[in-house]
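Taken in order, these protein sequences are the chains called A and B.
The first sequence begins at -16 in this note's numbering and counts up one residue at a time.
The second sequence begins at 2 in this note's numbering and counts up one residue at a time.
You may find that some hints are simply not true.
Computed beta-carbon distance windows for the label pairs [stated by the list, open to error]:
no.: 1; chain 1: B; residue 1: M2; chain 2: A; residue 2: V102; range: 15 to 25 Å
no.: 2; chain 1: A; residue 1: L111; chain 2: B; residue 2: G25; range: 31 to 41 Å
no.: 3; chain 1: B; residue 1: G116; chain 2: A; residue 2: S108; range: 26 to 36 Å
no.: 4; chain 1: A; residue 1: A68; chain 2: B; residue 2: V11; range: 25 to 35 Å
no.: 5; chain 1: A; residue 1: S17; chain 2: B; residue 2: Q98; range: 25 to 35 Å
no.: 6; chain 1: A; residue 1: T104; chain 2: B; residue 2: G116; range: 30 to 40 Å
Derived pair list, reagent style DSS-like, types lysine-lysine, alpha-carbon separation capped at 27 Å [claimed, not checked]:
no.: 7; chain 1: B; residue 1: K70; chain 2: A; residue 2: K46
no.: 8; chain 1: B; residue 1: K72; chain 2: B; residue 2: K112
no.: 9; chain 1: B; residue 1: K3; chain 2: A; residue 2: K65
no.: 10; chain 1: B; residue 1: K70; chain 2: B; residue 2: K43
no.: 11; chain 1: A; residue 1: K75; chain 2: A; residue 2: K99
no.: 12; chain 1: A; residue 1: K65; chain 2: A; residue 2: K75
no.: 13; chain 1: B; residue 1: K3; chain 2: B; residue 2: K66
no.: 14; chain 1: B; residue 1: K112; chain 2: A; residue 2: K75
no.: 15; chain 1: A; residue 1: K99; chain 2: A; residue 2: K46
no.: 16; chain 1: A; residue 1: K65; chain 2: A; residue 2: K128
no.: 17; chain 1: B; residue 1: K112; chain 2: B; residue 2: K78
no.: 18; chain 1: B; residue 1: K43; chain 2: B; residue 2: K78
no.: 19; chain 1: B; residue 1: K72; chain 2: A; residue 2: K128
no.: 20; chain 1: A; residue 1: K65; chain 2: B; residue 2: K43
no.: 21; chain 1: B; residue 1: K43; chain 2: B; residue 2: K66
no.: 22; chain 1: A; residue 1: K75; chain 2: A; residue 2: K128
no.: 23; chain 1: B; residue 1: K43; chain 2: A; residue 2: K141
no.: 24; chain 1: B; residue 1: K112; chain 2: A; residue 2: K128
no.: 25; chain 1: B; residue 1: K78; chain 2: B; residue 2: K66
no.: 26; chain 1: A; residue 1: K46; chain 2: A; residue 2: K141
no.: 27; chain 1: B; residue 1: K70; chain 2: A; residue 2: K128
no.: 28; chain 1: A; residue 1: K75; chain 2: A; residue 2: K46
no.: 29; chain 1: B; residue 1: K78; chain 2: A; residue 2: K128
no.: 30; chain 1: A; residue 1: K99; chain 2: A; residue 2: K128
no.: 31; chain 1: A; residue 1: K141; chain 2: A; residue 2: K128
Here are some chain B residues the structure puts well away from chain A; computed CB gaps all over 10 Å [unchecked claim]:
no.: 32; residue: I5
no.: 33; residue: N14
no.: 34; residue: V17
no.: 35; residue: V28
no.: 36; residue: A38
no.: 37; residue: E41
no.: 38; residue: T55
no.: 39; residue: M65
no.: 40; residue: F71
Think of the hints as simulated: they come from the structure by calculation, not from any bench.
No residue lacks a Cβ here, since even glycine has one placed at the ideal position from N, Cα and C.
The primary structure of each chain is shown beneath.
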Amino acid sequence: MFCLSVIQHDLRYRPTCLASLFIRLLEGSLNVISNLGLCVSVYDIQSVEGGFIFPGDGASTYKVVFRLVMFRPFVGEVLIGKLEASSESGLKVSLGFFNDIHIPRHLLQQPCTLGKDGVWTWDYSGSLLSLDIDEQIRFRVSNIKYPPIPVRQEEDAKPFAPMEITGDIYGDGLGLVSWWEE
Amino acid sequence: MKIIQANGGVLTNFEVLSFLRSRGVTVDPMGCLGAVAPSECKVFDYLVHTAACTQTRESINEFMKQSEKFKLAKAEKLNLINMRPSNSAETYSIIEQCDERMGEGIEELVKVVVGILPPPQPQPTEQEDEADG
């Protein structure tokens, strides 16, 4: 679920400590990069050029080329996360470092019914298996999208997520990890 | 900011975990402060509870060699290494068109996975925690 991406960035930097360059490169808006995924870490720095001081500026500007470790699962990849919430629309899953994973109701194991407590239950040939909250869940990535930043958001709209993963638990081996343990 | 190369290579969970360890990330969140970014700590915390925690470079290389006969796609091998399935049901979801391509061979694939890649560390149960305390 991780890969490397090569990025070039103009960095305005007071070169006091090279060790913090790693952190500096990750600061600011380098969290989700559209179509690249979620930044995890700076893998290495490939080149540093420049050091020009622009008029009216007290610091130098460097052109840095570096590789980032990105979280970007592929479509079809199977991941394990924690089932955080359950509702009529489906399930919400979290990996701890990434929380915007949604499994819509039509991609659950079938047949599945929603109980009064908001918990889905899968009828597996007569055995009723419930999708309990806080359990480990194995799901397959079916889509990743990077919605554009909304110009205006309604007050009660859910918080904007720059990267959204849609998953499915439709098939053998998918669903709660405990269902398939021997 | 300019993207020079969007996909510069895929990393296994083991490689990311090894990299984070070399960066000085540890399980203790207080020990991480300052030198390490919060994203690194959170990813480390996730990976340390997966099969990657007990894997070695040698076991992954051996698995790549032994799994050649199954003619798996790169993505499938990556997924098998990361997930380390322990039975055929868990393996089924990882292999595309599993019935047509593997048939009965899936049991042999599971044996290769289980035999070469080490199992993940068992999570401590509540009773064990109470006994230690």
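Here is what the structure says about each hint:
1. B/M2 <-> A/V102: 15 to 25 Å: Violated, since B/M2 and A/V102 (Cβ atoms, about 43 Å apart) do not stay within the stated range.
2. A/L111 <-> B/G25: 31 to 41 Å: violated (47 Å)
3. B/G116 <-> A/S108: 26 to 36 Å: holds (32 Å)
4. A/A68 <-> B/V11: 25 to 35 Å: Given range 25 to 35 Å: holds, Cβ gap about 31 Å.
5. A/S17 <-> B/Q98: 25 to 35 Å: holds (32 Å)
6. A/T104 <-> B/G116: 30 to 40 Å: The hint (30 to 40 Å, Cβ to Cβ) holds, given that A/T104 and B/G116 are roughly 36 Å apart.
7. B/K70 <-> A/K46: violated (46 Å)
8. B/K72 <-> B/K112: Holds, because 16 Å separates the two Cα atoms, which is no more than 27 Å.
9. B/K3 <-> A/K65: Violated, at about 34 Å.
10. B/K70 <-> B/K43: violated (37 Å)
11. A/K75 <-> A/K99: With Cα atoms ~18 Å apart, A/K75 and A/K99 stay inside 27 Å; holds.
12. A/K65 <-> A/K75: holds (9 Å)
13. B/K3 <-> B/K66: Violated - the C-alpha atoms of B/K66 and B/K3 are around 38 Å apart, more than 27 Å.
14. B/K112 <-> A/K75: violated (33 Å)
15. A/K99 <-> A/K46: violated (57 Å)
16. A/K65 <-> A/K128: Holds. A/K65 to A/K128 sits at ~21 Å (cutoff 27 Å).
17. B/K112 <-> B/K78: OK: B/K112 and B/K78 at ~14 Å, within 27 Å.
18. B/K43 <-> B/K78: holds (25 Å)
19. B/K72 <-> A/K128: violated (31 Å)
20. A/K65 <-> B/K43: holds (14 Å)
21. B/K43 <-> B/K66: violated (32 Å)
22. A/K75 <-> A/K128: With a Cα-Cα distance of about 16 Å, the restraint between A/K75 and A/K128 holds, given a limit of 27 Å.
23. B/K43 <-> A/K141: holds (23 Å)
24. B/K112 <-> A/K128: violated (36 Å)
25. B/K78 <-> B/K66: Holds. B/K78 to B/K66 sits at ~11 Å (cutoff 27 Å).
26. A/K46 <-> A/K141: violated (37 Å)
27. B/K70 <-> A/K128: Violated: B/K70 and A/K128 sit about 35 Å apart, past 27 Å.
28. A/K75 <-> A/K46: Violated. A/K75 to A/K46 sits at ~40 Å, over the 27 Å cutoff.
29. B/K78 <-> A/K128: With Cα atoms ~25 Å apart, B/K78 and A/K128 stay inside 27 Å; holds.
30. A/K99 <-> A/K128: violated (31 Å)
31. A/K141 <-> A/K128: holds (16 Å)
32. I5: Not fine: 4 Å to the nearest Cβ puts B/I5 too close to chain A.
33. N14: At about 7 Å from chain A, B/N14 fails to clear the 10 Å cut-off, so the statement is violated.
34. V17: violated (5 Å)
35. V28: It holds; B/V28 is separated from chain A by about 13 Å at its closest Cβ, greater than 10 Å.
36. A38: violated (5 Å)
37. E41: violated (5 Å)
38. T55: holds (16 Å)
39. M65: Consistent with the label, B/M65 stays out of reach of chain A, its closest Cβ about 18 Å off (over 10 Å).
40. F71: Non-interface label on B/F71 holds, nearest chain A Cβ at 17 Å vs cutoff 10 Å.
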